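Chains as they are written, first to last, in the working numbering: chain A, -8 to 298; chain B, -12 to 429.
No lab work stands behind these hints: they were computed from the structure.
A portion of the hints provided could be inaccurate.
[Stated by the list, open to error] Each computed BS3-like pair below joins lysine-lysine, with the alpha-carbon atoms no more than 30 Å apart:
hint : chain 1 : residue 1 : chain 2 : residue 2
1    : B       : Lys357    : B       : Lys375
2    : B       : Lys420    : A       : Lys65
3    : A       : Lys65     : B       : Lys409
4    : B       : Lys321    : B       : Lys44
5    : B       : Lys44     : A       : Lys65
6    : B       : Lys67     : A       : Lys235
7    : B       : Lys67     : B       : Lys160
8    : B       : Lys151    : A       : Lys65
[Stated by the list, open to error] Short, incomplete list of chain B residues facing chain A, as computed with Cβ under 7 Å:
hint : residue
9    : Ala174
10   : Asn249
11   : Ile258
12   : Glu372
13   : Glu390
14   : Val400
On a predicted model such as this, the values are computed, not experimentally measured, just so you know.
Idealized CB from N, CA, C, for every residue including glycine.
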Amino acid sequence: MTDHTHTETPAPGTISGWSLFAERHPVLFFTTPAAVVVFILMVFPVFYTVYMSLHSWFASSVTSPEFVGLANFKRAIMEDERFRNAFWLTIYFTALATALQVILGVALALLLNRSFRGKGFFRSIFLLPMVATPVAIALVWMMMYNPTLGVMNYLVGLVGLGPYKWASDAHLVIPALAVVDTWEWTPLITLITLAGLATLPLEPYESALIDGATPAQMFWRITLPLLRPTIMVALLFRAIDCLKTFDIIYVMTAGGPGFASETLNVYTFQVGLFYFHIGYACSLLVILFSLVLGVSLVLIKVRRGSW
Amino acid sequence: MRTLRHWWALGLILGLLTLTLASAEAAQFNWQQFKGTQLRVLLNKHPWQAGIEPHLKNFEALTGMKLVIEVYPEDQFRAKTLVELTSGASSMDVFMTMPGQEGLKYMRAGWYQPVDEFLKDPSLTASDYNWNDFLDKARDAMSIEGKLIGPPIQIENSALMYRKDVFQKYNVKVPTTLDELEAAAKALNGKAMTDDGQPGFGFVARGKRAAATSQFAGMLFAMNGTWLTPSREPAINSPEAVKAIDMWGRLLRLYGPPGSENNHWYEASSIFSQGKAAIWLDANSLFPVIEDPQKSKIIGKVGYAVFPKGPNNHPGGTVAPWGLGIPKTSKNQKAAWLFLQWVTNKEQVLKLQSEAGVLGARDSVWKDPKGKAKVPADLAVSLAEGSKVGTPFWNPPVVAVAEVRDAVGAAIVTSIQGGDVKAAADKAAAEMKRIMAETEKK
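Just chain B, with the same shape it has in the complex:
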């Protein structure tokens, strides 16, 4: 018995040694420096979470740390993290976060531990991590008021999805600018485009109050408009922004389905996937809906492209990442950084993207043939390209995001209904000013 136990111990040591050597081969980096630490990780139920969970035992083996993973559906996840952070006594070490949604609120409340220092420290960051490999605007989106809160784990863009067959049949050029977009929508509106030759709409997109704003943001950016001026005054009634609101509404009113003002992405996606629209502007991460044989009649007929450019070739579109953050209250911040780093290193991102089709944020992975395997070829190209030029401000950079989205969304609805856009934009700006004064006072 005794000898047998010795053999076990020897085997274990040898095994650990091999593991350590293998990782040491990759880089002279001490993954074991926080051995024995236990990390509490809160995740939102999400394709990324489903993809990474089976691999986490490798992290535990590599670092000698123990992970306690908690997964909640999105609504409960948001409520749970908010309550824990508000209490000021959370035992979380890592949590999933969407900087565009809650970033400023959490940053102003002092709930994020910035990771800039960890990233610069060679004893805490492996030399092959290569932060600059992350797509430009995805990196920007993870910074709030100049402080980096963590790495992005999944990205999407507001982008152009179009019916390749319809464009070809009617000999219309795939739009690269907003002017061409409107021309194409106009030319294709009412043309036969379903399987049985029924006419469809030229254009479809979200028009429902708050829901519309996250995609409209791509057009606002293309028109060279912004949510706020540099001094944080509302800019939603600037001439550029008014042009964007006007165009979004005009496209839906003239070339879109009736009732667009109540359409969220799922209404828009069902119209598009039933073959009843030629162009859809929305998040490109929705591609599985279009390519789903159970629900879609247009599988393989859809092209994916970057958001059309605005006047003077100004780029459009948005970059919206999910990321990971470390709460200020965590007692294991440096150990948590090792976790953030490991799950977003090139190897893991490639694994998730090639196995589970999770849209990662690393340029090199998008260039790798394996990284492109699970997505349509032009989506791979346009996503990498769009994530280098789009705006990270898919949401207004304010504390009260939901309330401001409703105020701006009301102006978009007015535009769809053919009302006075300038007056609606002025009203939205006044609302924004009031909301910001109420919620951002020190």
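If we strip away everything but chain A, and leave its shape as in the complex, we get:
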């Protein structure tokens, strides 16, 4: 801040009022544009959504929004069967997908952390699914899952299983979707875990070797505890994303069969943009937001404490 003294007396006519202002208040000057953008695009919509969630508004009629207080929330939680179904499906999908991804992702990272021929090549190959477009992935998987024309039934048939209805089966659809999400996002966990593995100290392993520890013991007692913070970060990312997964579910099943894969985000989309109940959709969004926030807070707490 002492720098200011140098520029307090500029040559007249060379520095305009704006520059002078910028010179004197650099913090204000440089952060305002970003703050304005964030406010307009993020803060305002959040508060407007909360505001709209207290209203009833059927957008395609010519009536204006009507203030109804917490009635939307009451309806969602007490009366709306589809909401309850969507809520539990969201949690089911998230738990299943993140569990699969963390287990596979960490295993893959440990494998890729060893040195072998073509390691770089395999590393790149494993990261490819993450780069592909979700809608394209969804369409391809849907074709593979097709019970009549798809390749999945052929593949499981080779080992004497099936045929299954996959994404068309009310009981199989969530696992089937979780597999697609896992296929796409396991590499993210691998990537983060690999970074974590690179930073592990060697000393604990050396002393463990001297003490005669087995590889399994070294993994469970040293590697995993040291990796825990890293894995928790990866888990947090995936959990947040899974809770609000939309693209693959919407493209593959649109929530079907029936409502068997209608997660909160898919249901909210239907209510808001197909049924035009804007107020109710906003209240569903507020609930989804609270759910994501709650899960994140719990995970952050777990990361800091011990498990």
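Start from chain A and add chain B according to the hints.
Just chain B now, kept in the frame of chain A:
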């Protein structure tokens, strides 16, 4: 230079005169009465739009009006018209509209200008327009709560498509009733029907929640069921409707491909066009998919027929038109009516149907050999016939169409899965009641 300019003017006058005389010959009707008016026309990207656009300069020459055409892909088109109409200050004069989809919503909101008065007025409607030439139910479908919103421009029916070769090979009668339909589906299910002798399914159709309802509507009608009672109470749990839901689900469950509950028309069409099903109930306007050499293995092997009849020979099937409407906010409503009238007169409909294969709604055009040239012969016959008997209510006649379709679609899915149909129908009816109470309150 001066004389040359005179010659130009003379030529122009002579040209206009010839045009006027030519049209005056057809009918003593003043097409020039709104000369100089500019019409703003919003169209959905669609075969009809692609077919009519090259001819619109003829309309401008005939009427001396100027057209400003805007074309958008379907999703954007719907959003754009909805936003403009909601604003209450739209400068649109004509827009494409699907009455079964948005009709009641727009009518209740007061967005349509009814055209009944224009149609009756001999100074506004040419004597050779012949409104009664439009197929019966296509006309009905363009009326909402007793008011005509405009002419239909393209139609389709929920109809029967079947494998002629398979029916012949196994000596099965082409079904004309629902009982025969089920018997045929049962008899042909599992029989060899692909090129390489693989077995196929007896029946395929949509089963995906909301998507299924528009074709199921044809069966609901055949069973003598309705969406609503005359006093606008949900009737989807009436005995007739329950029978229809039950049958749709049963056919797919017993004789259809596994996973039907997630099939939209494109999944169903790929199974059918791969030769893996004997019967497909869907919109007959989808025939280009089946007859496309790039995608289909059953070209020329498919028969087209009207939707099978229900008990007591009750007709089935639906009639779903796209049409044109005039918004209430238009300042050129009468001029816009001339446009609606010209693009749907016999000459233009015949042109579009014979050149571009657009399925028009005029009976006389379907009787004209040129009108049939672009479609399979039995499709031409069954489309004209189906459009005289089918129900225009391919969608529930409610304001919140999408939401009600999802509620009814859930019952259809339950039926496919072999669940309790009556309970599912009761639930759908209760949902319908709640949705209608929420969205149709005054």
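Verification of the hints:
no., hint, result
1, Lys357(B) - Lys375(B), "holds (21 Å)"
2, Lys420(B) - Lys65(A), "holds (20 Å)"
3, Lys65(A) - Lys409(B), "holds (29 Å)"
4, Lys321(B) - Lys44(B), "holds (19 Å)"
5, Lys44(B) - Lys65(A), "violated (58 Å)"
6, Lys67(B) - Lys235(A), "holds (28 Å)"
7, Lys67(B) - Lys160(B), "violated (48 Å)"
8, Lys151(B) - Lys65(A), "violated (56 Å)"
9, Ala174, "violated (20 Å)"
10, Asn249, "holds (4 Å)"
11, Ile258, "holds (6 Å)"
12, Glu372, "violated (32 Å)"
13, Glu390, "holds (4 Å)"
14, Val400, "holds (4 Å)"
Going through the hint list in order, the structure does not satisfy hints 5, 7, 8, 9 and 12.
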